[in-house]
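The task is simple: from the sequences and hints, build the whole structure.
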Amino acid sequence: MIVIVDYNMGNTGSILNMIKKAGGEAIISSDPEQIKNADKLILPGVGAFDAGMQNLAKLGLINVFRRQVTEQKTPVLGICLGLQLLTERSEEGIFQGLGLVDASTVRFKFVSSSGLRIPHMGWNSVVVRKESPLFCDMYPDPVFYFVHSYHVVCRNAEDVLSTTNYGYDFVSSLQSGNILGTQFHPEKSHKYGLKLMKNFVELVH
Amino acid sequence: MFDSEISKAQKSGSEYMNHQSYRICKRCVMDTTDPEILFYENGYCNHCTQALKKLRSLPSGQEKANKLSTLVQEIKEKGIEKKYDCIIGVSGGVDSSFVAYTVKQLGLRPLAIHLDNGWDSELAVKNIENICKKLEIDLYTYVIDWEEFKDLQLAFLKSSTPDSEIPSDHAITAILFQRALQEDVKYILIGTNTATESIGVNAWSQGHADWKYIKSIHRQFGTKQLETFPHYSIFDLMKWKILNRVRLIRILDYIEYDKLEAKSILQKEICWKDYGDKHHESVYTKFFQAYILPTKFGFDKRKSHLSSLICADQITRDQALRELKKELYPPQELKEHIDYVINKFGLSKGEFDSIMNTPPKTYWQYPNYKKTWYYKTSRAIYRVAKRLLNP
Amino acid sequence: MTLNVRVIPVLLLKNGGLVKTVGFKDMTYVGDPINAVKIFNDKEVDELLFIDIQATKENKRPNFELVSRIGREAFMPFGYGGGIRNLDDMSRLFRLGVEKVSLNSYAIENPDFMEEAAHNFGSQSVVASIDVKTDALGRHWVFDYRNGSATKLDPVEFAVLMERKGAGEILLNSVDRDGTFDGYDIEIIRKVTLSVKVPIIALGGAGKLEDLGKAVKMGGASAVAAGSFFVFHGKHRAVLITYPDKDDLRKTFSS
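Line order of the protein sequences matches chains A, B and C.
Position 167 (the first sequence) corresponds to 167 in our numbering; numbering is contiguous.
Position 224 (the second sequence) corresponds to 224 in our numbering; numbering is contiguous.
Position 62 (the third sequence) corresponds to 62 in our numbering; numbering is contiguous.
Calculated from the structure, these hints are not laboratory results.
With a straight-line Cα cutoff of 30 Å, these simulated DSSO-like cross-link-like pairs (lysine-lysine) come out: (1) LYS21/A - LYS73/A; (2) LYS208/C - LYS83/B; (3) LYS208/C - LYS273/B; (4) LYS195/A - LYS335/B; (5) LYS268/B - LYS191/A; (6) LYS43/C - LYS20/A; (7) LYS251/C - LYS191/A; (8) LYS20/A - LYS273/B; (9) LYS239/B - LYS212/B; (10) LYS191/A - LYS263/B; (11) LYS214/C - LYS109/A.
Set out below in structure tokens:
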């Protein structure tokens, strides 16, 4: 059973719908017991960094989540803000992140003459940098839906799963052991997202 | 010869429980899932026998070609100085799409009409777009009020009768005629054809033109008023046909119509896309025919479609049997469609299950035209009038 | 930069059904929203935007039941606007799967609410929807659809204010061009795109593929939206859902 962590931030409904369409089973929950028994976890997220960390703390989910990921090695997929919360810190907020990956979250920085607007919003190409079950059998030239003003920077180049270009190449997804994360929203990315989600559902633990 | 027995069976409101043990025709693939099927001694059934008789009575070769050119001439003449000389219904399916193609080939000036009942698949919509753009045909769409239509469709589902397409079929006929009158067009060219649809099973489907029947089902199971739903009475139909002289013509009966060939021509000429089985341009039709019919009512409409093709020599019986072995609905897609339909109707899973578990009923168990004295009388009058006015 | 220009169908809702307007009047019934979502899904459109045009006028709250059903069918981002006046409603919409919430009349009435919303949910989740109408002298004014008249607000100044209050995007809609197929109002689009840094979505008047390209190349819009263009076909304005081919779109957006 996949547990989609419900901390009041993020379109858990859409993720659930896509998992169902991908042939998987999932529940949306903020119950630590259910999180403990999950085969896989998804940490969704739409909103601000600090609000995210605060909600997780208020619901008493930080420790149980961390333990599942670090001790039980439960595969976890962080999506958008969910991915950013897995990092150590973010320029968007004052609180520390979950620190489960060797990375931090920074704001997009462009020269004013670039004409690029923030947030990075829309469909953009994703370039896969290493082998991963997440992108198994992916359609050629995959595009995914992004909407964010901050992005992740990995200290360890080996963790970078894919990059995307917006002014410069930034990390659009990462994988570090059992920890996976996408800056884009697979649940909003049509067939590309469906394929990725299907791969996550079928991931062997 | 068997007609009186057939009509007796119909009027008694026969149940769908098969009283015969299973038997399949030796020539086509119709079987005892039609509870009214009758077999001859040689193992052939009444369906293919009647179908073959019908097909053989149709003109062919030169005679067919002559009839076609006479018809086309007539349509063109009656249409001079009018914006359009004929009306065609388009659904995105192969039959109506080929009508559109043929009609343009024949040099006619059609107005295409589409009924949007809220169930169009993307493929259907794309096919219609291609038909109108590539063949340069003007389009008019009638969008049925979804809340009313949903209410009526749900009523039909709850009535447990086997043809849930009746609301759509009834509405499209109403719209085609109403628009024909508006545009002062005398010819409605439809895709129904004898070649691939020579076999119809009353027990499986009837009541399309029966507004009394439709209303009675709605009265019993509907919850909303039908204020805008397009409809007509048999008197309307008689008026349109006899007084207004609007003709409903099966144009595909005037040409050599082979479905496979038609599909290939359409694919090449207008990027038409095939979605597999008959009528699956509508998500609901597919769902109803490929899931509800076999599961709740115990029959598979493919049998009548394929048997028609056998009679028209377009496929062999072996090919038909192989087709029938194919899965009606891949399990993942079925799950998605069940969710989709339940979501669209606003039903709970429990309500849907209860609909599926309600025992089937027939057309005869609800008030309908055919039981009325005025239907029987007017039918007689209509037959006479038709013969007098259109010798 | 390989960020694709977004092409967004805008679907208007009234009484739970889809409608289309011309100049914000002359309503035509277009059908069931769920089927439209399904068709657009299959066409792999970039994004959808639903606007309930009745909610604010009738002081109604968002139609959560419908949004929930849309959320179950849509596998692309979709925004929702109409009748939104408090954070709880916004929160509920996000939980149902809405990607962005659009604020229109309430933003005119209470611009500080935009700030609250952006603070709570992040700028990228809130869109400022600005309707624009020209007067007899051709000057542009912000239009308030509640009373059907132009305000004394200058659209450029209002856009700048919305950006300052935290709107992540601005949807700029020309009332005059709504449903006309006459092309976008490039002039006002350009004025606004030059004044703010957040993405502008152009809306109102798209009639052909080239119009979409012009809004981006000449107007500077980051995304283009349309209603009638995707929903009507041909001279009889027959309801038929269409969406341009991806290759055709690429061609029209490249210089």
